[in-house]
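Protein chains in written order, with the numbering used here: chain A, 1 to 117; chain B, 1 to 117; chain C, 1 to 117; chain D, 1 to 117.
Among the hints, erroneous ones may be present.
Copies of the same chain are indistinguishable here, so a pair counts whether it falls within one copy or spans any two.
Unchecked claim - Here are the simulated SDA-like pairs of lysine to any residue, each with C-alpha atoms no more than 20 Å apart in a straight line:
1) K99 x L11
2) K99 x Q82
3) K20 x P94
4) K91 x E2
5) K91 x I32
6) K91 x L102
7) K117 x G24
8) K91 x Q57
9) K20 x R81
10) K99 x F88
Honestly, the hints are just simulated from the structure, not real lab data. These numbers were taken from a predicted model, which means no experiment stands behind them.
4 protein chains.
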Amino acid sequence: MEFAESKAIYLQIAEFIEEKILAGDWPADERIPSVRDLAASLGVNYNTVVRTYEFLQQQEVIFNRRGLGYFVGLEAQERVRQRQREEFTHKIIPELFRKMELLSFSLEDISALYKNK
Amino acid sequence: MEFAESKAIYLQIAEFIEEKILAGDWPADERIPSVRDLAASLGVNYNTVVRTYEFLQQQEVIFNRRGLGYFVGLEAQERVRQRQREEFTHKIIPELFRKMELLSFSLEDISALYKNK
Amino acid sequence: MEFAESKAIYLQIAEFIEEKILAGDWPADERIPSVRDLAASLGVNYNTVVRTYEFLQQQEVIFNRRGLGYFVGLEAQERVRQRQREEFTHKIIPELFRKMELLSFSLEDISALYKNK
Amino acid sequence: MEFAESKAIYLQIAEFIEEKILAGDWPADERIPSVRDLAASLGVNYNTVVRTYEFLQQQEVIFNRRGLGYFVGLEAQERVRQRQREEFTHKIIPELFRKMELLSFSLEDISALYKNK
DNA sequence: GTGGTCTAGACCACC
DNA sequence: GTGGTCTAGACCACA
Numbered sequence: 001m002e003f004a005e006s007k008a009i010y011l012q013i014a015e016f017i018e019e020k021i022l023a024g025d026w027p028a029d030e031r032i033p034s035v036r037d038l039a040a041s042l043g044v045n046y047n048t049v050v051r052t053y054e055f056l057q058q059q060e061v062i063f064n065r066r067g068l069g070y071f072v073g074l075e076a077q078e079r080v081r082q083r084q085r086e087e088f089t090h091k092i093i094p095e096l097f098r099k100m101e102l103l104s105f106s107l108e109d110i111s112a113l114y115k116n117k
Numbered sequence: 001m002e003f004a005e006s007k008a009i010y011l012q013i014a015e016f017i018e019e020k021i022l023a024g025d026w027p028a029d030e031r032i033p034s035v036r037d038l039a040a041s042l043g044v045n046y047n048t049v050v051r052t053y054e055f056l057q058q059q060e061v062i063f064n065r066r067g068l069g070y071f072v073g074l075e076a077q078e079r080v081r082q083r084q085r086e087e088f089t090h091k092i093i094p095e096l097f098r099k100m101e102l103l104s105f106s107l108e109d110i111s112a113l114y115k116n117k
Numbered sequence: 001m002e003f004a005e006s007k008a009i010y011l012q013i014a015e016f017i018e019e020k021i022l023a024g025d026w027p028a029d030e031r032i033p034s035v036r037d038l039a040a041s042l043g044v045n046y047n048t049v050v051r052t053y054e055f056l057q058q059q060e061v062i063f064n065r066r067g068l069g070y071f072v073g074l075e076a077q078e079r080v081r082q083r084q085r086e087e088f089t090h091k092i093i094p095e096l097f098r099k100m101e102l103l104s105f106s107l108e109d110i111s112a113l114y115k116n117k
Numbered sequence: 001m002e003f004a005e006s007k008a009i010y011l012q013i014a015e016f017i018e019e020k021i022l023a024g025d026w027p028a029d030e031r032i033p034s035v036r037d038l039a040a041s042l043g044v045n046y047n048t049v050v051r052t053y054e055f056l057q058q059q060e061v062i063f064n065r066r067g068l069g070y071f072v073g074l075e076a077q078e079r080v081r082q083r084q085r086e087e088f089t090h091k092i093i094p095e096l097f098r099k100m101e102l103l104s105f106s107l108e109d110i111s112a113l114y115k116n117k
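Using the sequences and the hints, build the whole thing.
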């Protein structure tokens, strides 16, 4: 996996996992890769994945069963979906509209880009 | 001014200035606030504004007249506008569409939000 | 049974058993549940209960009759009682008093709580 | 500083700091030692203190001013006090009373210990 | 100077 | 096997 420089790696891994859950690839209550396995497959340090998992656990997206590993939270998909939709409508979209005006993009321009994507 | 935690303050100040220029509030060749004044009015450290001005100067958005202060570059508005439109269509918009799919937002949803804003 | 996160599960099970013995529910020389049964009824791993029993055996609280199972030690109740009273007066109580001062609880506050419990 | 084996060092440092705040030694909005300084004076690793500070920040006990350091939260003393009093009355005290009954300690025994401490 | 992050590697308790 | 913690040391962005 490639990582952007602008953001902490452990947060990029968290986003990667949230997308897996959002897309339904990792269903509720299912075990996710062990810290060591994920670290190895992403080519990052063990402690970096530890940080990701601690972060997601604190967000109640995943949880730990002692000695067994981490599992997808029972309401994780819905929780992530709602949090992200909330952020989308209240932060991303207003910022988008602000930029559109500033840069003279119309809704039609966006539509055209959407159809050609 | 309030600053987000996720981004460097000096870059948020740079955006703030670019928007002033884009909107035509600060026309070409006009003097912009001194480092000390801007730092005071934004409530940030002097060095932080120095960094912003160095950054914008290096981007050829502003320039320095020794002993007089910083001024808006002659082609600044157009330069900023083109760079931002470029970034908008090639980075912001694709990312927007990706999120829309992940979160089940349609183009109609965006239109509706646009009309109600 | 619910387990606290702050302490090892096998130790929490050991406390559970010691309380049974202290309260007289499990008298001396009486057989206690098999490892498998207890593990099943508590919803924990077999090895975890094995560890509890080994721990309690080493503390001379329970003992093993080969092929028959584990039994409550002959002097277990008195032994557990003395060890816990010792710990109570020399560790729990001093720590209690320290917290009381820090949090402005008086002995009267404790008495009041005791009467209303 | 001496650390117990039974608990993570970073949490023991967090308790140490909370007691400083509770006792009024570190007032609201006052800067606390830098990560490096505290690590050096406690004889622990830099990262261990980083963990403590992240933990306390997440608990809203301290907060960060970028480039300046960590500061005691504005309502920190009251917040810590309330959280600990809550824990005291609802966890420590009930557990105390349970143990008292199990070990045949009376309220008078506790009083006597308190007066002789 | 400040904190934030990452790597490398170790030891431990636990299941 | 699993995660949890700690050390050591490095580099970076930031004020």
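task: Pop the pair K91 and I32 into one bin, within, between, both or neither, using alpha-carbon distances up to 20 Å.
output: Close neither inside one copy (30 Å) nor across copies (29 Å); limit 20 Å.
- prompt: From the Cα coordinates, with 20 Å as the cut-off, is the pair K91 and E2 best called within, between, both, or neither?
  reply: between (25 Å within a copy, 15 Å between copies)
- prompt: For K91 vs Q57, is the C-alpha pair at or below 20 Å within one copy, between two copies, both, or neither?
  reply: Neither: 24 Å inside a copy, 24 Å across copies.
Same-copy or cross-copy closeness of K99 to L11 [CA-CA at most 20 Å]: between (25 Å within a copy, 16 Å between copies)
- request: Pop the pair K91 and L102 into one bin, within, between, both or neither, using alpha-carbon distances up to 20 Å.
  value: Both: 17 Å inside a copy, 16 Å across copies.
message: Cα distance capped at 20 Å. Does K20 pair with R81 within a copy, between copies, both, or neither?
response: within (12 Å within a copy, 35 Å between copies)
- request: Tell me, please, which holds for K117 and G24 at an alpha-carbon limit of 20 Å: within, between, both or neither?
  value: For K117 and G24, the Cα distance exceeds 20 Å both inside one copy (23 Å) and across copies (32 Å).
- prompt: From the Cα coordinates, with 20 Å as the cut-off, is the pair K20 and P94 best called within, between, both, or neither?
  reply: Between. Shortest inter-copy distance 18 Å satisfies the 20 Å Cα cut-off; intra-copy 26 Å does not.
task: Classify it for me, K99 with F88: is the Cα-Cα distance of at most 20 Å met within a copy, between copies, both or neither?
output: This pair counts as both: shortest intra-copy Cα distance 15 Å, inter-copy 8 Å.
message: Treating 20 Å as the Cα threshold, decide for K99 and Q82: within, between, both or neither.
response: between (25 Å within a copy, 13 Å between copies)
The structure is inconsistent with the numbered hints 5, 7, 8, although it conforms to all the rest.
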